[in-house]
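Enquirer: Sequences and hints are given; from them, build the entire structure.
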Amino acid sequence: MKHTLSVLLQNKPGALSRVTGLFSGRGFNIESLCVAETLDPKVSCMTLVTRGDDAIVEQITKQLHKLIDVIKVTDITEGEFVEREMVLIRVKAEATTRAEVLRIIDIFRGKVVDVSPTTYTVEITGPESKIKAVIDILRPIGIKEIIRTGTIAMARAPKN
Amino acid sequence: MSKITGSQAIIKCLQEEGVDTIFGFPGGAVIDLYDELLDSDIKHVLVRHEQGAVHAADGYARATGKVGVALLTSGPGATNGVTGIATAYMDSIPVVVFTGQVPRALIGNDAFQEVDIVGITRPCTKHNYLVSDPDELVATIREAFYLASSGRPGPVLIDLPKDVVASMMSFPEKKPIKMKTYQPTVDPHPGQVEKACKACLKAKRPVLYIGGGVILSNANKELTELAEKLSIPVTMTLMGLGGFPGTNPLSLGMLGMHGSYASNMAVAKSDLLISVGARFDDRVTGRLDAFAPHAKIIHIDIDPTSISKNVDVDIPIVADCKHALRAMNSWFDDSKQFDRKVIKEKHKPWVEQVNQWNEKHPLTYHEEGDIIKPQYVIEVLNTLTGGDAIITTEVGQNQMWAAQFYKFNEPRRLLTSGGLGTMGYGLPAAIGAKLAFPDKTVIDVAGDGSIQMNIQELATARQYNAPVKVAILNNGYLGMVRQWQELFYNKRYSATIMEITPDFVELAKAYGAVGLRATKKDEVEPVIKEALATDKLVIMDFAISREEGVFPMVPAGKATTEMLLV
Chain A
6 MKHTLSVLLQ
16 NKPGALSRVT
26 GLFSGRGFNI
36 ESLCVAETLD
46 PKVSCMTLVT
56 RGDDAIVEQI
66 TKQLHKLIDV
76 IKVTDITEGE
86 FVEREMVLIR
96 VKAEATTRAE
106 VLRIIDIFRG
116 KVVDVSPTTY
126 TVEITGPESK
136 IKAVIDILRP
146 IGIKEIIRTG
156 TIAMARAPKN
Chain B
5 MSKITGSQAI
15 IKCLQEEGVD
25 TIFGFPGGAV
35 IDLYDELLDS
45 DIKHVLVRHE
55 QGAVHAADGY
65 ARATGKVGVA
75 LLTSGPGATN
85 GVTGIATAYM
95 DSIPVVVFTG
105 QVPRALIGND
115 AFQEVDIVGI
125 TRPCTKHNYL
135 VSDPDELVAT
145 IREAFYLASS
155 GRPGPVLIDL
165 PKDVVASMMS
175 FPEKKPIKMK
185 TYQPTVDPHP
195 GQVEKACKAC
205 LKAKRPVLYI
215 GGGVILSNAN
225 KELTELAEKL
235 SIPVTMTLMG
245 LGGFPGTNPL
255 SLGMLGMHGS
265 YASNMAVAKS
275 DLLISVGARF
285 DDRVTGRLDA
295 FAPHAKIIHI
305 DIDPTSISKN
315 VDVDIPIVAD
325 CKHALRAMNS
335 WFDDSKQFDR
345 KVIKEKHKPW
355 VEQVNQWNEK
365 HPLTYHEEGD
375 IIKPQYVIEV
385 LNTLTGGDAI
395 ITTEVGQNQM
405 WAAQFYKFNE
415 PRRLLTSGGL
425 GTMGYGLPAA
435 IGAKLAFPDK
445 TVIDVAGDGS
455 IQMNIQELAT
465 ARQYNAPVKV
475 AILNNGYLGM
485 VRQWQELFYN
495 KRYSATIMEI
505 TPDFVELAKA
515 YGAVGLRATK
525 KDEVEPVIKE
535 ALATDKLVIM
545 DFAISREEGV
555 FPMVPAGKAT
565 TEMLLV
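From first to last, the protein sequence lines are chains A and B.
With the numbering used here applied, the first sequence covers 6 to 165.
With the numbering used here applied, the second sequence covers 5 to 570.
Mixed in with the good hints there might be a few duds.
[Claimed, not checked] Taking lysine-lysine and the PhoX-like style, the derived pairs with C-alpha atoms no more than 20 Å apart in a straight line are: (1) Lys208/B to Lys47/A; (2) Lys47/A to Lys525/B; (3) Lys206/B to Lys345/B; (4) Lys206/B to Lys67/A; (5) Lys208/B to Lys233/B; (6) Lys17/A to Lys182/B; (7) Lys77/A to Lys16/B; (8) Lys71/A to Lys178/B; (9) Lys300/B to Lys71/A; (10) Lys184/B to Lys67/A; (11) Lys199/B to Lys300/B; (12) Lys77/A to Lys208/B; (13) Lys313/B to Lys71/A; (14) Lys184/B to Lys17/A; (15) Lys16/B to Lys178/B.
It is worth saying that the hints were derived from the structure and are not from the lab.
From a predicted model like this one, the values you see are computed outputs, not experimental measurements.
Expert: Structure (structure tokens):
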């Protein structure tokens, strides 16, 4: 099962490498990883998507906790959360397909961020399912290049 | 505040931590620090190979319970220490390793004797540091000692760029260390303690399964109290030997791959397994689904990652073993449900059953005329030292025979590389222990294979007057691998025959040590007596039965009840 972990860690040289080294050394897998500093520049937040049964995810969480540079680990898939990913897609856009590409992008509330005589580069944000959907639809038209950021996620604020 | 050099600050930090002895090997990157050492009262022990420095610091730490310290230069000095660091890591031994590093401006330039030792040791240290700011040097060292010795102990490495050590800095006053990101749970949760105690009252066939955590937390007294209070048989991992007296009637000896028949049977038939400071290693559990299949499992461990890692645990207690055992003992003392006599009576059939297993298949071996049996050598060592020597071992058959046949009644008497299984550990570790306890007999039980991995440290032992006794169980083979080849590879002895080994008696002489040899059984006792009588460094070379095996043995991947017996 997929789990999205939010990891707060000290913004120190080597801290990221301790996390990735833990995953490779213990045979856990990382599906995506996003990291940047928080409001406190001494602390980074990492969103890490991994897959495994409950026992494995429990081990991952505990092992992450054990790293001295890690401040807090939250499995945000345990509660309500919002997740977003951004993708840049360079898609073929020739005379016959330009209009269709634009229509599709519009449906997904995407933006064209770069244009060449034969391609559009589009930016789309959304949960993983939306990213997957847009890729599936654009694929037959011809995707030349694709860059994904990986997921970032945040637990939903309590409603009361 | 007046400023001091980084070297002076490091020495002051060491003194602050109560360090009296360090083990090391100099080089360009640490030459400033070595210069400063000359003017300090800290004893520096010059080893002959950096691996020896870390093992000696580790042996010193295991024997004393204090933090061991090693000092290595950059590049090859640091990489040579890695095996020692990984050894300490796997057995949770508090060690602080200082390594030199090229000056900050050269880091990343492939400078002479530069290596990214922080990167290399990240997975085999509890934590490590590259000190890139002189103003953080003192705080880093203090934090390193705190990390190494608290919680689940382990090695911590501090990489010291040469120009940082040469910088001027202030020496702030020491304050209690508080780390936001590191707060080990020391005290047990009372609710969990109560659950565990109630499970103990319910059990009919309980077994205590204890590991190195009992020794690391100095919990042997509390453990013995609990075992005797409830009349529960105790089995020990290799790392747990000495955590409960080996001669106590409730002791089952070691469990696992080369554990006693009674230990493995008791665990397999138990209805309650109380694990204290052990981590369900594969050498202990054998085939996992057949390990303690009928038992409810209580697991006391300070490291939450150890719990339910290999085996699902019913009642986890995250705590320091000493604190948890103390809490359990007082729960029983205060409980109206607990009656010592009733419990003892209830466990009587179980204890009798366990004793029967022990009588049916005790640890034993076959005599063969005047051929020396390695087990006999260990028995004589045990008798002649009154079971009170500090025993270090190398790794392989020598280690297992020492674990099986020496009766450890006290903690910190067996120093052995359990987790990593490092051949070459025993001699430098023995030197570390001997320097910590000059009045104690320290014996390295070795094989002719392992001893050669760090035999150069004989010179260190001589130079620093650490007259340890090395007992080589010499069979001309890499015996443990040979045993596996005999049993599972049709006796195809691939690369396990040591065709050339040095004449260890002559070798001893070359190092200015005493060399003794026994080739017949009746020579064993006189040789050991002579070795123990002299205050010199001694190598004893015992020509043992060549194809002797270690038994019982649970073949890898089998259930622990499927033992091959003598």
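Enquirer: So, for every hint listed, does it hold in this structure?
Expert: Hint check results:
no., hint, result
1, Lys208/B to Lys47/A, "violated, 54 Å"
2, Lys47/A to Lys525/B, "violated, 67 Å"
3, Lys206/B to Lys345/B, "holds, 15 Å"
4, Lys206/B to Lys67/A, "violated, 31 Å"
5, Lys208/B to Lys233/B, "holds, 15 Å"
6, Lys17/A to Lys182/B, "holds, 18 Å"
7, Lys77/A to Lys16/B, "violated, 34 Å"
8, Lys71/A to Lys178/B, "violated, 25 Å"
9, Lys300/B to Lys71/A, "violated, 27 Å"
10, Lys184/B to Lys67/A, "holds, 16 Å"
11, Lys199/B to Lys300/B, "holds, 12 Å"
12, Lys77/A to Lys208/B, "violated, 42 Å"
13, Lys313/B to Lys71/A, "holds, 14 Å"
14, Lys184/B to Lys17/A, "holds, 14 Å"
15, Lys16/B to Lys178/B, "holds, 11 Å"
The structure does not agree with the numbered hints 1, 2, 4, 7, 8, 9, 12 stated previously, though it agrees with the rest.
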